[in-house]
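> In case you want the letters, here they are:
Protein chains: 2
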Amino acid sequence: MKKLFIAAAALCAVGHAYAQKTPADYVNPFIGTSNYGTTQPGPLVPQGMVSMSPFNTIPRPEHKVHTDSWCSTPYVWDNKWMIGFTNVNLSGVGCPDLGSLILMPTTGPLEVDFQKYASPLENQVAKAGYYSAKISAYDVLAEMTATTRTSRSRYTFPAGESHILFNIGQGLTTESGGYARIVSDSEIEGFKIMGDFCYGVPQSVIPVYFVVRTSKPAESVQYWKKQPDFSHSAIKDWSSTSNQYKVYTRFKQPIAGDDIGVAFNYSTADGEVIEVAVGVSYVSIENARENLDREQHRKNFDAIYADAVTAWNEVLGVATLEGGTEDQKTQFYTGLYHNWVHPFVLQDANGDYPEMESGRIRRMPQGADRLTMFSGWDVYRLTPFMGALFFPQRQNDMALSMMQMYKESGNLPKFEIAAKEFMTMEGDAALPYMTACWFLGLTKGIDTETLYQAMLKNAAAPAEENRIRGDQSFYAEHHYIPLRTPFDNSVSQAIEYYVADWSLGQMAKALGKTADYEMLNARAMGYRKYFDKNYGLLRPVLPDGTFMPGFNPREGENFKPVNGFHEGSSWNYSFSIPYDIPGLVKLYGSSERFVDSLSACFDKGYFDMGNEPDMGYPYYFSYVKGSEWKTQYYVNQCLERYYGNKPGGLPGNDDAGTMSAWQNLSMMGIYPACPAKAEYVITTPTFDKVTIRLDPKYYKRSELVIEAVNRTPENIYIEKIELDGKPFRGYFISHKQLTDAGRLTIYCTNKPQK
Amino acid sequence: MKKLFIAAAALCAVGHAYAQKTPADYVNPFIGTSNYGTTQPGPLVPQGMVSMSPFNTIPRPEHKVHTDSWCSTPYVWDNKWMIGFTNVNLSGVGCPDLGSLILMPTTGPLEVDFQKYASPLENQVAKAGYYSAKISAYDVLAEMTATTRTSRSRYTFPAGESHILFNIGQGLTTESGGYARIVSDSEIEGFKIMGDFCYGVPQSVIPVYFVVRTSKPAESVQYWKKQPDFSHSAIKDWSSTSNQYKVYTRFKQPIAGDDIGVAFNYSTADGEVIEVAVGVSYVSIENARENLDREQHRKNFDAIYADAVTAWNEVLGVATLEGGTEDQKTQFYTGLYHNWVHPFVLQDANGDYPEMESGRIRRMPQGADRLTMFSGWDVYRLTPFMGALFFPQRQNDMALSMMQMYKESGNLPKFEIAAKEFMTMEGDAALPYMTACWFLGLTKGIDTETLYQAMLKNAAAPAEENRIRGDQSFYAEHHYIPLRTPFDNSVSQAIEYYVADWSLGQMAKALGKTADYEMLNARAMGYRKYFDKNYGLLRPVLPDGTFMPGFNPREGENFKPVNGFHEGSSWNYSFSIPYDIPGLVKLYGSSERFVDSLSACFDKGYFDMGNEPDMGYPYYFSYVKGSEWKTQYYVNQCLERYYGNKPGGLPGNDDAGTMSAWQNLSMMGIYPACPAKAEYVITTPTFDKVTIRLDPKYYKRSELVIEAVNRTPENIYIEKIELDGKPFRGYFISHKQLTDAGRLTIYCTNKPQK
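Sequences listed follow chains A and B, in order.
full-length UniProt numbering numbers the first residue of the first sequence as 1 and each following residue consecutively.
full-length UniProt numbering numbers the first residue of the second sequence as 1 and each following residue consecutively.
Don't take every hint at face value.
Some chain A residues close to chain B (C-beta under 8 Å, calculated; not the full set) [unchecked claim]: (1) Lys-64; (2) Pro-202; (3) Gln-227; (4) Ser-231; (5) Trp-238; (6) Arg-250; (7) Phe-251.
Just so you know, the hints here were simulated from the structure itself, not pulled from any lab data.
Glycine included, each C-beta is placed from N, C-alpha and C at the ideal position.
One chain only, chain A, in its complex shape (with noise of 0.2 Å):
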């Protein structure tokens, strides 16, 4: 299948080396589905609420990654047996959920039993809004595209006998439980429970309803349902349906249990046509059927597609690529794909949504858009950036979901889907990510001191009544988190409750709150406690404040469980500390001792560039004078080590967008080091030319040029620097600067100005 995909990549790029190709034409969906990026190449419109994958990840001898073992993506391209398409899914995390829902087109005697209906896949395209693929099992062609809630696929059937398959029981969530009703001969509806994303919080639950429509009335619409397992009972001897799939010929009443779907049946002609349409809800049953009649009124696949095309342009097109390669554009406008994949729209197209946390309904103003899927831990870190340059509005559209899920639930949440909190990694981020929207600009609507509050309770209430740091008495205390239980997250808790405390420290000091920033910073400064001189390293501390004995900076590694760090090891969070790298190098006593350190990252092998902990670090040299050009190299080295236009080109999971945002920044020459400071570090740019149409109720000036002069493969480092055409000292530049300015000139040179 891969050398398939190359041979359909290589036949795209030569169809269109003439044509004048749109930013949705680059976009390559398969990026990321391989190597754990978790990405999924099927359709979707910008943020929608829906959006398809063919699910593949079945538990199969010739599947690596798959649902028992470690598994939090309905697709991975190395795998081969396909069981359907999905309509709502996750795209990038590192957990199980939702990837369910899933349609699936099959010929011949009725089998349900996904393990026996599974088929390979044959000439797979994936394009913005658009996916299709030969299923080879049953020679049925399909394809499929995507309005905002609803989906609509294309199935060119064989003659004989067809089905189309909508699979309630499987999916990616380890919630469980279904109920579906057959409303006519080509509509059903249901609903699907689904959550329990991380484990952490079992209590959060969410439910799907859902619409399926076929354009052709079915000669027969069956339930199936497995059947309970009677191995262990008399009743294995008697019973001939024992943990099968049994398919309910006549039954036709509402069903309901763990793992249940629905079979639409059909004698076909050749080459025959059969379209379905899904619309999904987090609402209510009728308002997917609502979200249905109104997104898909009157409109045929091809025209769905279209506007499709035109949403994904609209929203990538505000950025135009000069110079770099066709598959350097590929990956950026991919990246800036993946950005615009989450959050997605909660509310129904008549603004109903789950209230956050009670799931009661509330309604939105219209135009407002409720936007959920809030990962904290991985987009405090470049996603508000990514939105000031490139979706200022939706952006703020964010910020205002997030006070609305602080007055519905009393909290700022620090992992939210579909309006429920789970509470996944460490820290409280959205203080970060609030507070750099803020300082960005993207506040508007809310009233500042309301949004300081909402931070500040998070940050200041005391544990017995915080719902978001329930741990924090003693960090609040003694400003660190001491190692209690063997393989806590100690460490890697309190780097981010000082990321967020330090966050909120500066809006208080921009405030003129001159007690909350002192009490904040100070926490934000416990940092130090954990610094071992003898190592360099931050190294867990025991409550009686002596360091953890026994420590092994590189225990950790490939996410093995370790003493205060969680998913790395001390290499990956000793230099974590963005807001205070000056601070740091103090710490190791000299510039050189910290340049060292930081370099052996690289160059011993202790970075890894697939977790966000250490994805700032090649960025950290910038603020050691004359280390500057190692920014410059380690970037580009990270850029072509460990991204590309392929599926395995990104360097892990996408989280939300965040590891395609490192790149998409690290391709413009800019990065914001330090979470919340709305400042970048300058590095060398990829392309000749970025330049991005800035939105102008957010800023003065039209558009954002960023440009490499004489920048050629071997010409990684900065010469020099201009802004708006005047020399510009450092490496350093606030956002302000740079946008007020519209135009940055980094000139390029293959020698490192040490």
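Please build the complex by placing chain B on the supplied structure of chain A, with the hints as guidance.
Just chain B now, with coordinates in the frame of chain A:
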């Protein structure tokens, strides 16, 4: 517990010794709850859609009978651990179904895993329409009563944290899947899918809808659901809920799944009473609610119970007993009570009921009942005669319901529950059942020709078009069924077809349809093919017409699999030619040889009182002049040996009242030894006098009296018989003779009349 029961029964007897006992007072619902009787002790009204039962057949080391063994009842007297009270049940059957919608009061921290919240019972009291017990683990007094389509429970709680659980996941039925919605803090609604009775027709699925309402609003109402088992998956290391019951503390949208439930949570004062009403429907949630609203409107627990007692006295009061012991009276009234459990009312209070097979909603005319639970193989033998004597109108209603099923589905059913055909056991039971009704005058409102054609369709339609007799090609041509596969039930199946076709043949004869009569009768005479003179028994025959080699006539005892016979040995079937005992005697060559062989059944222990095929055996002696005393002897022996006023007081599965009917008819001294022949064998009655109030719509006389003169424990033989005061010759009397005369007097003696 056994001891406790006996003590309670004794107390009860003393308490009532000097009061006027009503028939309902005599009912002991514990009869049949041990020794595989599979009756239940909980409350119901006559033919109630709803019946309650403690559910204590969960798998536990202490339980000999439980749902992982073969278990077709929610309750056995001998078990200890109880998980609540079911609201829908089948009584006396041999396969698991229904036995679900389980209410349970508990106290202390909420526990929803049935294995963990199970409790012993103390002080069980069971009466017609009432059951109570102390739930030991929680010190809760649980009382319950019922209306036709609803139940009412009254729980007296101690002080503290209390719960009312509604368990939708557990039950006897092996179908699965439930749905529930929290309507308010005192009401839930939903459905559970049941069916798959006896595993013969997996497509026969029964949805049961419910509404549960509490008298006191709960402080919280919470769902629970058994979570998926991830023991085979990497997720096991992450999920804290794998294979556990999860309580949903915040989720309030509708829930669905294989194993779900709902908890109403309270703080109760000491002695606080909370009542729970459950409405059930086989049509819809709305109808379940309407049933509840209509049948419990403004009625308190005591009023509902009083109505139930009145209803029981109305139907049991048609019989008045004189003589006999208190235990015998209890046995008799409880036997009659068991005959009022099934069939039960299927239509809702508004008349809605599910159409046969399709499940489409139809409506009964006002005042008419659609009765369900036609357990054909069991009930065709005795039930029409019980109906003729004790409840002719209801029996006629059942015949009307059977015709309705025919009109809706195209066939008279074989084994119907809740409008679904389950094809359980052998034969074509509707034919002997309906011809019996016709000969007994219990088919008012049914056109005779329509009825005849309905039956003829079952009997004569070619196998490939025959939903009931898909296997009858060979039989129709050769008049027997050969043994084709090991352990098939070929002889049993043929015997049932013989009885069915003989019955219909009798009706054909009566209607002057001579050709039909001859065809049908010729089939019935095919039994001779199986008669092996060497054994004097029926022996399986191979397709080539020769006897099966290796015949062992005792093989098949104790329900072991055997070639040719179902649930029994050749001994249990070889005399089951009730329509042609004289013919069978001829095959034996001499009456003596026949009587010797039949006697051997009893004397050598081949006879099985616990199942239908041979239950007529004791009466077949009366077909041989001079051997009638053996009927009197063995019937008396069977009544003494297999029946009693105790939990083990039925010889086996009550089979929807059939085993109880054997007892009652035998105790009255009249037994219909040939199905569909409106005639009784006369034997020695148990009571001095049984007076049956006859229904004036069906009989000229207002009562039927059967007297025993000189009946003592020793006088078990008949000396002479008088009909309406005149000498009566012989031991057979037609139903018409008997009811026209109105008085049968049997003089008893201790000397057999040889």
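> Are the hints correct? Go through all of them and say.
Outcome of the hint check:
no.	hint	verdict
1	Lys-64	violated (13 Å)
2	Pro-202	holds (5 Å)
3	Gln-227	holds (7 Å)
4	Ser-231	violated (10 Å)
5	Trp-238	holds (5 Å)
6	Arg-250	holds (5 Å)
7	Phe-251	holds (4 Å)
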